[in-house]
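Trainee: Each chain, written out:
Number of protein chains: 2
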Amino acid sequence: MAEQATSLIPDNIEGRRRVVIEHVVPEIDGGMYAIKAIPGETITVEADVFADGHDKVSARLFYKHVDDPEWTEVFMTFLVNDRWQGSFLVERQGHYIYTIEGWVDHLTSWWHETELKINDKQHVRMELLMGAQFLEGMISRAFGDDQEALRNAADLFRDENRYDDSMQLFHSFRMQEWINRYPEKQYLTRYRELPVWVDRPKAQFSAWYSMFVRSSSKDPSRAGTFRDQIELLPRLADLGFDVLYIPPIHPIGHQFRKGKNNSVNSQPDDPGVPYAIGSELGGHDAINPDLGTLDDFKALVAAAKEYDMEVAMDLAIQCSPDHPWVREHPEWFKIRPDGTIQYAENPPKKYQDIYPINFESEDWRGLWMELRRIIFLWAEWGVRLIRVDNPHTKAFKFWEWVIAETRREYPDMIFLSEAFTRPKVMQQLAKVGFSQSYTYYTWRTHKQELEEYMTELTQSEMKYYFRPNFWPNTHDINPYMLQSGHEPLFLIRYFMAATLTSNYGIFGPTYEMMVHEAFPGKEEYLNSEKYEVKHWDWNKENKLTYLIRMVNRIRQENSAMQFTNNLHLCTIQNDQIMAYLKTHPNGNRILCVVNLDGQNKQAGMVHVPANLIGRQDWQSYTAHDLLTGRKYTWSGEWNFVELDPYVMPFHLFRIED
Amino acid sequence: MAEQATSLIPDNIEGRRRVVIEHVVPEIDGGMYAIKAIPGETITVEADVFADGHDKVSARLFYKHVDDPEWTEVFMTFLVNDRWQGSFLVERQGHYIYTIEGWVDHLTSWWHETELKINDKQHVRMELLMGAQFLEGMISRAFGDDQEALRNAADLFRDENRYDDSMQLFHSFRMQEWINRYPEKQYLTRYRELPVWVDRPKAQFSAWYSMFVRSSSKDPSRAGTFRDQIELLPRLADLGFDVLYIPPIHPIGHQFRKGKNNSVNSQPDDPGVPYAIGSELGGHDAINPDLGTLDDFKALVAAAKEYDMEVAMDLAIQCSPDHPWVREHPEWFKIRPDGTIQYAENPPKKYQDIYPINFESEDWRGLWMELRRIIFLWAEWGVRLIRVDNPHTKAFKFWEWVIAETRREYPDMIFLSEAFTRPKVMQQLAKVGFSQSYTYYTWRTHKQELEEYMTELTQSEMKYYFRPNFWPNTHDINPYMLQSGHEPLFLIRYFMAATLTSNYGIFGPTYEMMVHEAFPGKEEYLNSEKYEVKHWDWNKENKLTYLIRMVNRIRQENSAMQFTNNLHLCTIQNDQIMAYLKTHPNGNRILCVVNLDGQNKQAGMVHVPANLIGRQDWQSYTAHDLLTGRKYTWSGEWNFVELDPYVMPFHLFRIED
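Chains as they are written, first to last, in my numbering: chain A, 11 to 667; chain B, 11 to 667.
Fair warning: there could be bad hints in the mix.
Identical copies carry no separate label here, and so any pair may be met within one copy or between two of them.
Taking lysine-lysine pairs in the DSSO-like style, the calculated list, with each CA pair at most 30 Å apart, reads [to be verified]:
#, residue 1, residue 2
1, LYS359, LYS315
2, LYS360, LYS66
3, LYS308, LYS360
4, LYS270, LYS127
5, LYS360, LYS457
6, LYS540, LYS550
7, LYS359, LYS74
8, LYS434, LYS473
9, LYS212, LYS360
10, LYS270, LYS131
11, LYS195, LYS344
12, LYS270, LYS473
13, LYS360, LYS127
14, LYS532, LYS74
15, LYS473, LYS532
16, LYS359, LYS457
17, LYS66, LYS195
18, LYS344, LYS360
19, LYS228, LYS270
20, LYS127, LYS540
21, LYS457, LYS66
22, LYS74, LYS308
23, LYS641, LYS540
24, LYS74, LYS315
25, LYS641, LYS344
Calculated from the structure, these hints are not laboratory results.
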């Protein structure tokens with residue numbers, strides 16, 4: 011009867027496992043995706059850990075680099091309402107995993123309950139005998155001298171004649187140490203393992219300068235080459251940029267080549283759009299000879315390194331009708347009923363110069379492998395940064411696979427997602443592995459929307475996996491708010507991109523020179539570099555270049571500016587002024603105050619919480635404007651600021667003694 | 011090379027599956043626990059369903075009773091920001107499951123893109139040819155005449171000479187029907203299956219009257235029995251209660267028996283605490299002979315049925331030292347170092363009359379089976395409601411198992427969790443299966459805390475699995491706010507319990523008679539019935555009994571009052587008045603307005619959103635107070651109320667034409 015009956019209880023359950031662990035943070039989609047970090051970052055983990063009844067519960071955090079043989083165990087501390095917290099430091103690049111253990115801690119319960127009885131002046135003879143049992147249970151888990159000491163302690167607790175000594179031991183620091191060091195994790199609950207991906211530091215802190223190589227020539231009679239680009243490196247490094255991002259450098263197609271301003275009728279000397287990739291000279295694995303040779307490109311990569319810069323390539327997975335894949339792998343494209351290949355469309359618009367890849371191809375495996383081959387080839391050329399063009403029009407599963415594959419071989423590789431699309435899609439791309447992401451910053455101009463966006467980026471779950479990279483413009487986007495060409499707005503939009511997040515970029519020469527003429531009615535540049543060769547006066551300096559140089563240097567010198575999630579939005583009773591504080595555990599504290607109104611002087615009282623800058627609210631301190639060198643003595647939490655957009659539309663204060 | 015290379019792509023992935031489904035609501039802990047419903051309820055499901063790129067995505071909801079052979083498929087509609095919504099009705103008790111399918115809908119994409127081209131006046135020859143392919147693909151999935159019709163339609167689309175007819179078909183209602191009816195779910199993503207538990211209606215709507223059987227005697231010279239209890243049923247039914255809950259009815263232990271007011275020294279005639287379960291006469295499977303025989307108890311259960319009432323038993327898993335388990339299963343208890351059994355403690359307090367069960371017993375399987383036997387035995391006695399005493403001091407896994415086991419045999423069984431403990435623990439008990447739960451209502455007295463609590467219960471994830479049962483008092487709790495004995499407060503606390511949630515209860519005679527004397531300094535009754543026999547004047551009527559009868563009748567007659575999550579808190583600019591609206595899809599609308607101040611008249615303007623009562627904001631309507639019969643003509647969204655606690659501290663309006 012009993013046998014038959016108990017078979018109603020599944021064999022695989024342990025009925026005595028009483029602890030529940032849930033609501034673990036961070037945890038992305040049940041642990042399906044990794045949170046992101048860089049070496050030196052501290053990961054703080056919280057969870058609800060509880061059991062039935064009144065017994066004490068204990069919780070520990072476990073973590074390891076996947077290459078480590080052993081887990082490291084970390085205390086978790088009780089916060090409130092069954093919530094526990096623990097932290098660990100990630101020191102190396104690569105994959106970490108972490109998890110949580112919780113158990114009903116009879117040992118701790120025993121100590122606390124005995125303590126309550128002692129305080130109630132009860133004689134705790136029976137409790138000491140229980141204690142002796144617990145101490146004996148510890149012996150097998152103990153190290154070195156502790157084994158002997160525990161045995162003696164158990165004897166002591168059993169000795170009725172040594173009650174006072176027992177009391178002394180019971181209350182000793184040693185007793186607490188033993189309890190913590192040799193817990194009895196009976197029927198413990200262990201949570202699933204959750205992943206962390208640790209990138210190299212540049213994933214978290216970078217300043218991107220984007221330009222077309224063909225516009226790098228100082229000689230107005232010819233287009234630029236990699237060699238010309240090399241000559242510009244000292245200037246870009248001096249401006250303080252550490253990434254040079256260049257649009258595709260592959261052979262450009264001939265069929266349906268676009269002319270100036272995206273005209274469907276090109277002239278014979280039109281150089282074509284670099285995104286119409288591929289010709290009889292090759293595809294994504296070939297170099298456009300107009301820019302130079304592969305060796306020239308490698309020389310550019312090497313030269314950049316000398317200036318502490320890196321070159322980011324541009325991965326646009328699409329083809330011109332002349333791309334070798336069209337001939338060799340027609341199965342990678344969509345075929346129309348008439349047997350022709352489907353060109354790109356955004357109905358009713360047609361883009362006959364571009365063939366999109368069909369990620370639902372029967373030969374998707376072959377396609378994936380070819381794209382992997384391309385990325386690995388670029389890596390062999392020395393490239394460790396890839397900006398991906400429109401990743402949101404390619405399958406998520408492909409990115410998840412190819413990024414993981416790449417990292418296995420090249421853990422330094424950083425992928426920037428150029429997805430300007432719906433929020434869920436942008437988030438998903440970050441989840442599946444993109445290291446950095448373009449954002450809506452380009453269109454967030456008012457204080458309320460900027461503050462809401464920053465709150466979403468730095469306070470929601472996104473903060474764990476989505477690293478924003480702010481761009482005030484790109485070669486595709488000439489935002490309406492800059493089309494006036496009003497200088498203070500160029501300064502403001504640059505400044506916020508460079509200070510709100512730790513990753514930012516500009517479409518360089520165009521932004522520097524404050525080019526603003528738009529294609530009529532569009533958020534695009536007139537005479538865009540996408541369709542023609544430009545020549546720039548690289549000796550030109552202006553207020554903006556002065557500030558770029560300064561801000562980039564200040565970013566390098568102040569660790570608080572090298573992170574994004576350390577942002578605190580400061581209250582200020584003026585809808586035209588935005589203020590934000592960034593702090594670093596090393597004591598570095600940066601306060602930015604920006605007048606969003608490019609036309610008028612604005613003033614207000616800004617609130618800097620004393621506790622965030624390590625001060626009492628009655629203490630005075632120095633707000634040192636690193637842009638002007640001026641120092642202000644501030645006291646209390648509210649202080650006055652006034653910003654004239656025609657003089658300097660922002661403060662970049664370091665909080666000093 | 012290719013073979014070796016593609017082996018880098020795991021065999022088990024389908025790279026063409028492009029749709030992501032996430033953030034499904036409702037979903038409790040990844041589907042580990044069921045949401046709850048009753049027959050006739052509509053379950054609304056939302057999810058993010060999206061893919062890369064610009065193709066159209068479609069989503070469908072699937073559900074079935076686990077006994078159904080087939081799934082039912084339901085349309086989901088697009089809301090905004092990649093969010094989709096669908097609903098289904100649960101008609102029967104038992105287990106349902108639901109899930110979501112999403113796929114890239116090339117068919118719908120084709121239709122919309124072609125439509126855009128037609129609107130742009132393009133000739134869509136090629137698109138019609140594609141359409142013919144899609145139509146042919148549908149044939150194999152089509153039923154009856156549609157197969158032939160689809161074949162003809164494909165021919166039509168291919169016929170260059172019948173372009174106008176093709177256009178007509180393209181824009182026809184029939185075309186849309188086909189697209190919806192015969193989708194091509196290529197590479198579809200199917201979400202995991204999520205559970206619903208459908209209880210019988212009483213789990214959602216019940217009025218509990220709690221009393222001690224031994225206090226049911228009308229003869230002051232002797233204690234009450236089941237037979238006396240039967241005689242009280244007509245009165246309780248007349249008051250409108252449908253559940254009679256009685257504390258444990260098992261033999262009471264002798265060792266360390268408690269006397270009056272929880273005294274450790276009992277007198278020979280003290281009847282003992284019913285929670286000190288078990289004596290030489292038996293344990294949880296035996297009946298205390300002082301109350302009658304098992305047949306008497308069964309007679310009570312049967313008699314209750316005649317009055318549309320049910321008897322709820324009380325499951326307190328603990329023993330007096332005289333319980334048979336102590337002798338037969340000492341391994342189910344904690345043994346102290348001296349070999350004695352550990353009694354209950356809340357250090358420094360000791361409860362030597364109670365032995366708690368050790369759910370970490372080596373023989374936990376035997377223990378679980380014995381408890382299952384007890385519950386099944388009670389079910390054989392005709393019991394279908396069990397109030398569980400302190401379930402939070404027993405293992406969650408046990409409850410999960412035993413509730414599931416019970417429901418397999420007795421799907422009508424309802425378990426009420428009497429857990430007054432930390433929020434996470436109360437929630438977990440509801441997740442693992444308790445049908446109803448006691449709440450913090452007993453201590454929520456101010457408007458802000460009541461509104462916050464109602465918002466948590468009816469708006470947070472709790473609304474899917476936690477059914478609150480509000481009690482203004484219990485036999486254990488004489489709340490401070492009622493210890494004054496002030497009549498309006500008894501009316502108010504009763505009224506809110508009975509109207510805020512659809513399940514409520516009172517510790518009956520004590521509450522009815524407005525007994526309020528407290529054990530000094532405690533939230534307990536003086537001369538509590540837990541320790542002694544009481545006699546009540548069952549003929550007594552007062553303002554409260556008058557209102558109880560009325561409110562219970564109104565609850566029966568108004569379906570809006572039979573649910574909890576249909577609550578809308580109404581704005582009113584007076585912190586002493588709380589107003590809430592409940593609506594039912596059948597048009598029933600109930601507005602409660604309560605003056606929380608038991609001392610003073612309070613007035614204010616109450617806001618009833620016109621859309622929630624199916625009116626335009628300029629329309630007038632009747633607010634019919636069902637308690638007084640008075641009708642008020644209200645117009646607009648803001649109307650005046652004034653409540654005198656000494657007359658009637660609340661309105662119970664039905665919104666009428």
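Trainee: Against each hint, give a clear statement of whether it holds in the structure.
Mentor: Hint-by-hint comparison with the structure:
Taking the shortest alpha-carbon separations for LYS359 and LYS315, neither the intra-copy value of 42 Å nor the inter-copy value of 73 Å comes in at or below 30 Å. Proximity of LYS360 and LYS66 under a CA criterion of 30 Å is satisfied inter-copy only: 18 Å between copies versus 68 Å inside one chain copy. Taking the shortest alpha-carbon separations for LYS308 and LYS360, neither the intra-copy value of 36 Å nor the inter-copy value of 81 Å comes in at or below 30 Å. In this assembly of identical chains, the alpha carbons of LYS270 and LYS127 lie at most 30 Å apart only when taken from different copies (26 Å versus 88 Å within one copy).
Taking the shortest alpha-carbon separations for LYS360 and LYS457, neither the intra-copy value of 38 Å nor the inter-copy value of 62 Å comes in at or below 30 Å. Proximity of LYS540 to LYS550 under the C-alpha cut-off of 30 Å is restricted to the intra-copy arrangement: shortest distance 22 Å within a copy versus 92 Å between copies. For the identical chains of this complex, LYS359 and LYS74 are neighbours neither inside a copy (52 Å) nor across copies (44 Å), given an alpha-carbon limit of 30 Å. In this homomeric assembly, LYS434 and LYS473 come within 30 Å of each other (Cα to Cα) both inside a single copy, at 14 Å, and across copies, at 26 Å.
In this assembly of identical chains, LYS212 and LYS360 lie within 30 Å of each other by CA distance neither inside one copy nor across copies; the values are 39 Å within and 62 Å between. Taking CA atoms no more than 30 Å apart as the test, LYS270 paired with LYS131 passes between copies only; the shortest distance there is 27 Å, against 93 Å inside one copy. In the homo-oligomer, the alpha carbons of LYS195 and LYS344 lie at most 30 Å apart only across protomers (18 Å), although the nearest pairing inside one protomer, at 59 Å, exceeds that limit. In the homo-oligomer, the alpha carbons of LYS270 and LYS473 never lie at most 30 Å apart, since the shortest distance is 41 Å inside one protomer and 60 Å across protomers.
Taking the closest pair of Cα atoms, LYS360 and LYS127 come within 30 Å of each other only across two copies (10 Å); inside a single copy the shortest separation is 83 Å, beyond that limit. In this homomeric assembly, LYS532 and LYS74 never come within 30 Å of each other (Cα to Cα): the closest approach is 51 Å inside a single copy and 51 Å across copies. When the C-alpha separation of LYS473 and LYS532 is checked against a cutoff of 30 Å, the pair qualifies neither within a copy, at 32 Å, nor between copies, at 48 Å. Taking the shortest Cα distances, LYS359 and LYS457 never come within 30 Å of each other, neither inside one copy (36 Å) nor across copies (59 Å).
In this homomeric assembly, LYS66 and LYS195 come within 30 Å of each other (Cα to Cα) only inside a single copy, at 12 Å, whereas the closest approach across copies is 52 Å. Only within a single protomer do LYS344 and LYS360 lie at most 30 Å apart by alpha-carbon distance; the minimum there is 15 Å, versus 79 Å between protomers. Within a single copy, LYS228 and LYS270 get their C-alpha atoms as close as 21 Å, which meets the 30 Å cut-off; across copies the closest is 102 Å, which misses it. Proximity of LYS127 to LYS540 under the C-alpha cut-off of 30 Å is restricted to the inter-copy arrangement: shortest distance 27 Å between copies versus 80 Å within a copy.
Taking the shortest alpha-carbon separations for LYS457 and LYS66, neither the intra-copy value of 48 Å nor the inter-copy value of 35 Å comes in at or below 30 Å. Taking the shortest alpha-carbon separations for LYS74 and LYS308, neither the intra-copy value of 37 Å nor the inter-copy value of 61 Å comes in at or below 30 Å. Within a single copy, LYS641 and LYS540 get their C-alpha atoms no closer than 45 Å, and across copies no closer than 74 Å, so neither meets the 30 Å cut-off. When the C-alpha separation of LYS74 and LYS315 is checked against a cutoff of 30 Å, the pair qualifies neither within a copy, at 32 Å, nor between copies, at 62 Å.
In this assembly of identical chains, the alpha carbons of LYS641 and LYS344 never lie at most 30 Å apart, being 64 Å within a copy and 70 Å across copies at closest.
Going down the numbered hints, you'll see the structure goes against 1, 3, 5, 7, 9, 12, 14, 15, 16, 21, 22, 23, 24 and 25, while the others check out.
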